[in-house]
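S.K.: Sequence order for the protein chains is L and D.
Going letter by letter, the first sequence gives residues 1 to 318 in the working numbering.
Going letter by letter, the second sequence gives residues 1001 to 1217 in the working numbering.
Quick caveat, the hints were computed from the structure, so don't treat them as lab data.
Mixed in with the good hints there might be a few duds.
As the list claims (entries may be wrong) - DSSO-like cross-link-like pairs, simulated, lysine-lysine; straight-line CA separation at most 30 Å:
id, chain 1, residue 1, chain 2, residue 2
1, L, K243, L, K123
2, D, K1143, D, K1198
3, L, K316, D, K1176
4, D, K1119, L, K316
5, D, K1119, L, K96
6, D, K1150, D, K1198
7, L, K165, L, K96
8, D, K1176, L, K92
9, L, K156, L, K96
10, L, K243, D, K1176
11, D, K1175, L, K92
12, L, K316, D, K1175
13, L, K159, L, K92
14, L, K96, D, K1150
Please read all numbers here as calculations on a predicted model, not as lab measurements.
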Amino acid sequence: MRKRSNSFKVLPSEITPYRHYLSRRSLIAGGLSLVAAHGMGGFARRAFGQAAALTYVRNSAYSVTEPPNSYQDISTYNNYYEFGTDKSDPSKNAQKFRTRPWNVSISGEAEVTGTFALEDILKPHPLEERVYRLRCVEAWSMVVPWIGFPLGDLLKRFKPTSNAKFVEFTTLYDPQQMPGQRVPVLGWPYVEGLRMDEAMHPLTLMAVGLYGKVLPNQNGAPLRLIVPWKYGFKGIKAIVSIKFTQRAPRTTWAGAASNEYGFFANVNPEVDHPRWSQATERHIGANAFGPRRPTLPFNGYAAQVAGLYAGMDLRKYY
Amino acid sequence: MPPVSRALKPLVFAACLIPALRLGVGALNAVEVWHIGGISLGADPVKVMLHTCGRWTLNFLMITLCMTPLREITHWSLWLRLRRMFGLFALFYASLHFSVYLLLDQGGKLAALWQDISKRPYITIGMLALLLLIPLGLTSTAKAQRRLGKRWIRLHRLVYLIAALGVWHFWWQVKKDIREPLLYVCGLSLLLGYRLWKHRQSLARLSVARPARTDGA
Chain L
1 MRKRSNSFKV
11 LPSEITPYRH
21 YLSRRSLIAG
31 GLSLVAAHGM
41 GGFARRAFGQ
51 AAALTYVRNS
61 AYSVTEPPNS
71 YQDISTYNNY
81 YEFGTDKSDP
91 SKNAQKFRTR
101 PWNVSISGEA
111 EVTGTFALED
121 ILKPHPLEER
131 VYRLRCVEAW
141 SMVVPWIGFP
151 LGDLLKRFKP
161 TSNAKFVEFT
171 TLYDPQQMPG
181 QRVPVLGWPY
191 VEGLRMDEAM
201 HPLTLMAVGL
211 YGKVLPNQNG
221 APLRLIVPWK
231 YGFKGIKAIV
241 SIKFTQRAPR
251 TTWAGAASNE
261 YGFFANVNPE
271 VDHPRWSQAT
281 ERHIGANAFG
291 PRRPTLPFNG
301 YAAQVAGLYA
311 GMDLRKYY
Chain D
1001 MPPVSRALKP
1011 LVFAACLIPA
1021 LRLGVGALNA
1031 VEVWHIGGIS
1041 LGADPVKVML
1051 HTCGRWTLNF
1061 LMITLCMTPL
1071 REITHWSLWL
1081 RLRRMFGLFA
1091 LFYASLHFSV
1101 YLLLDQGGKL
1111 AALWQDISKR
1121 PYITIGMLAL
1131 LLLIPLGLTS
1141 TAKAQRRLGK
1151 RWIRLHRLVY
1161 LIAALGVWHF
1171 WWQVKKDIRE
1181 PLLYVCGLSL
1191 LLGYRLWKHR
1201 QSLARLSVAR
1211 PARTDGA
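So that you can see chain D by itself, here it is in the shape it has in the complex:
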């Protein structure tokens, strides 16, 4: 591995942690443990933590979904080496998002959590997205990838559904100003549209190479 890309991973890793570190310092400032200038979570730090982690979950899902198109467009394999890390950061921020919600917002009350999940559709789908993301994280190792073979690809296609649920979860909880969730809808449509287009292209190539099958498979 050339030294540039060997240094790349730890650098990107550190960069991915910045939002979480900012929140950590902001939270300590908020409870007046520290006073590190410039980092304030404002009047409602719980909400800022909740929303920041939620946003970064979506951001990392989008970034992860950018890796394959970027590799195909630029022909650099470097992108794929970062894909797993970005995917795991999506899971990391989703877990933080959930923890802030359960521990700080709901005071760790499981009864309140259950009520919210069963009564509020946007929380139901958010929870579903997080639960679906967990097996993807668990099977992200090279070993699991080898063991699962073709099933790994099928399993990890869940990320499309997870990203859609995540964006929906965001859309559904904004009060009125849908501009920001709309941006994610556009981004996700672009990323999924690209895959659909690629898929059709390869189907077309396939039908040119071979006579059309009539068994409908």
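The shape of chain L in the complex, shown without the other chains:
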């Protein structure tokens, strides 16, 4: 089902000149037009021009056909409280964030544990592009062309034991670099988690890029999680730790307001947030003043993932 290229590199030495990237990309992606480049503001154009290009293959089977949001929208409208609580804060405050050197600690119920350099984490995994819907718990949505690889392929390398029922992820804690962490808006560091079967699901992605280029810092560089059928806050950013656990991790938003944010956080138009409706969403993008769209169960991925929750009361396990 997944197409893979034989070669993959994210090392700085592999940076492709922009025009080569363009020509190669047009070959690979079959001439996917650069919708992103159109209508970009000065900031995004600069940022887009600077980011290093990645080698990847487009995975059409796992991509939606809706047009993706512009690079400008995706890289300036971010919920990333480590860099400020306003949507425009991360794109301003994350520019100097250092994503190299970067280590990821692997621990818990697995045979292979330890601290790994990011390069070693990424090395064996060919990259693919997946255009996913993103639905925020705040009732807005986007379509994003992520570059990444299936989380399951990464997790298998560490040989989780039969005790591993959940996976817990942690964001870097570095108030020096992350000014938002100097304010106790949330319990830092940010923690997220998945049940093992959710983590192993082929839709669950470890993302390292966006629009064919290295992930901008404000979007969670160097390594972030994407779970397209869940609310966006499950997509933990700047991951420094992956832990296999027996019990469900205590996730940050559930800890902050457990009546509003659950562990599962599956997109569900029928279970409202206590303070606002989840039945519809405002789609960010060209048609900014257009009507709200109906929100789809599991964000439109019900056919692939509803089976994971068979027999569960989704009102109780929201």
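Got chain L sorted already, so can you dock chain D onto it with the hints?
M.R.: What follows is chain D alone, placed relative to chain L:
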């Protein structure tokens, strides 16, 4: 009227319109009618319009409530001449806030509006605050003030309740970062606290001037 204060009102009026004008230009930029540099409402212009109008409603309520204390502290009567205008701007931005919510956010669907009002407490109290603000706007003319006499003052004391409801409405809809609504809580507490303090002072003066009444009135 000296020329300075005659020029003041139109100047202040124009300044009060700036946030709305910025939003208007930003909205036209967003739908690509115009491209006026420097004014962008970002990726989610509806939300920016909604929140900006909401914030300016609260700002103007606070500014309005500052006028009496400022006059008493500075002894300039100029402040009171601006009070009505600021109060009406609060109503203006509240109406814009509501219109953006109903027309742009909810697509003009009255059923959705009703569902929100009945189901979501923060919208219920926001709506209540707007409804209470309307009669204050309608009775803001000098004529209405004369006609209502003492009842006018009593009616317009509703502004304290309206401001409290407005701040509560803001507090209740933020996701987690309550710093900004907290600022409004502090501002409002200060403004209401000042009035309470003044009231107690005048009561004390009254009891010195006259022997205490025992009928409890």
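S.K.: Taking each numbered hint in turn, which are not upheld by the structure, reported in ascending numerical order?
M.R.: The structure conflicts with hints 5, 7, 9, 13, 14, although it agrees with all the remaining ones.
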